[in-house]
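Listed in order, the protein sequences are those of chains A and B.
The first sequence begins at 1 in my numbering and counts up one residue at a time.
The second sequence begins at 1 in my numbering and counts up one residue at a time.
Everything labelled a hint here was simulated from the structure, so no lab data went into it.
Hints should not be assumed to be uniformly reliable.
Computed, partial: chain A to chain B, Cβ under 10 Å [as the list claims (entries may be wrong)]: (1) Leu33; (2) Lys115; (3) Val116; (4) Pro123; (5) Asp128; (6) Trp129.
Values in this document were obtained by computation on a predicted structure and should not be read as measured data.
Note that the Cβ used here is the ideal one computed from N, Cα and C, for glycine as well.
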Amino acid sequence: MHALSGQFLGDIPLHANDGLDPECFCEHCEHALRNHIRIDTPEGPDYRCPTAADIAEIAELERLTTLRDRQEVAEILERISAPTPHTKYPASADGEPIHGPTGQGTAATSDAPPKVEIAVLPPLTLSDWRNREGNLILSWAIG
Amino acid sequence: MGHWLNTTSRGLLTAATGIGKTNYGIAIGMRSAEGQDFLHWQARRKARVLYVDGEMSRRLLRQRVLDEERRLGTSPEAFFALSHEDIPSFKPLNTIEGQAWMNALIDKIGGVDLVILDNIMCLTVGDMKDPEPWQQTIPWALSLTKRAIGQLWIHHTGHDETRSYGDKTREWQMDTVAHLDAVKRDDTDISFSMSFKKARERTPTTRGFPGCKDRPSQ
Numbered sequence: 001m002h003a004l005s006g007q008f009l010g011d012i013p014l015h016a017n018d019g020l021d022p023e024c025f026c027e028h029c030e031h032a033l034r035n036h037i038r039i040d041t042p043e044g045p046d047y048r049c050p051t052a053a054d055i056a057e058i059a060e061l062e063r064l065t066t067l068r069d070r071q072e073v074a075e076i077l078e079r080i081s082a083p084t085p086h087t088k089y090p091a092s093a094d095g096e097p098i099h100g101p102t103g104q105g106t107a108a109t110s111d112a113p114p115k116v117e118i119a120v121l122p123p124l125t126l127s128d129w130r131n132r133e134g135n136l137i138l139s140w141a142i143g
Numbered sequence: 001m002g003h004w005l006n007t008t009s010r011g012l013l014t015a016a017t018g019i020g021k022t023n024y025g026i027a028i029g030m031r032s033a034e035g036q037d038f039l040h041w042q043a044r045r046k047a048r049v050l051y052v053d054g055e056m057s058r059r060l061l062r063q064r065v066l067d068e069e070r071r072l073g074t075s076p077e078a079f080f081a082l083s084h085e086d087i088p089s090f091k092p093l094n095t096i097e098g099q100a101w102m103n104a105l106i107d108k109i110g111g112v113d114l115v116i117l118d119n120i121m122c123l124t125v126g127d128m129k130d131p132e133p134w135q136q137t138i139p140w141a142l143s144l145t146k147r148a149i150g151q152l153w154i155h156h157t158g159h160d161e162t163r164s165y166g167d168k169t170r171e172w173q174m175d176t177v178a179h180l181d182a183v184k185r186d187d188t189d190i191s192f193s194m195s196f197k198k199a200r201e202r203t204p205t206t207r208g209f210p211g212c213k214d215r216p217s218q
């Protein structure tokens, strides 16, 4: 192990930024400075040259990161190219419509509500309430 | 009605069970429809009022509506009372179907100036402690305001009878939050004091003063 802490190119303290310039290479091991292993000490951060195992692990992590980024970008591009039509409610996993909290209706959204036609009004006026008797017939439908 | 209930205001009325929320709602609704003063609030004009009950049987609603009509002494033509029992598979007002149906009803009766919704727990579904049911209701409530339809939402209290039950966020969209506290009196069946916990319409010129006959506090 050897310490790299202190000043380096451009008088920038090494610990000031963990994302070291990828173009800077260690004069001892010739690996990129940013691939050195940071060690926190009471005096501040210190760095050691990476071992062969460290280099292999770093390479594997970079490969996985690249792979994940590509996959996420691909998924996002797929979603953008085929958005859900705003006029269509997505079905749930079992193909049933999405219902409200207790299954008594579709949870309200900012979308325009469906058009409803009320064919026969229920009793509403005081006269209706005074005169009402029995059950009434009410028909309404979501158009 | 006074300075707190108009065609763009959203009000929340809370009280514990049995205090008289429904009677209060029907009374202020019918007096608004008749253009008659209520308590110490001055009515400005006759309004078209829709009262929506989501809790009582239609037998009890009929009784209360007709009792209030007798107390009022007239029959305001523009007062409409809807019982949830009269609507097959009544849809909650935090669903698009429920909101669409209520919009259609308002249109069908020629529009209204004020809608009284009795009460939040019965007219919406979901956990009242969760903000979601009310979040689903807000767009509709705001759309009513845009159409100049005032709203009075009636709500229960919980174990803590000094505040509305459940999620507090519903008070954020209200212009007025009023609370009823029981007052024990032997000579009345229903007696309560009313306090305004939030009064967005209140200004130095409209505020009342405790004990002042001409301008009593709200």
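Hints versus structure:
1. Leu33: violated (50 Å)
2. Lys115: holds (7 Å)
3. Val116: holds (4 Å)
4. Pro123: Cβ of Pro123 (chain A) sits 6 Å from chain B, so the hint holds.
5. Asp128: With a closest approach of 9 Å, the Asp128 (chain A) hint holds.
6. Trp129: With Cβ-Cβ at 5 Å, under 10 Å, it holds.
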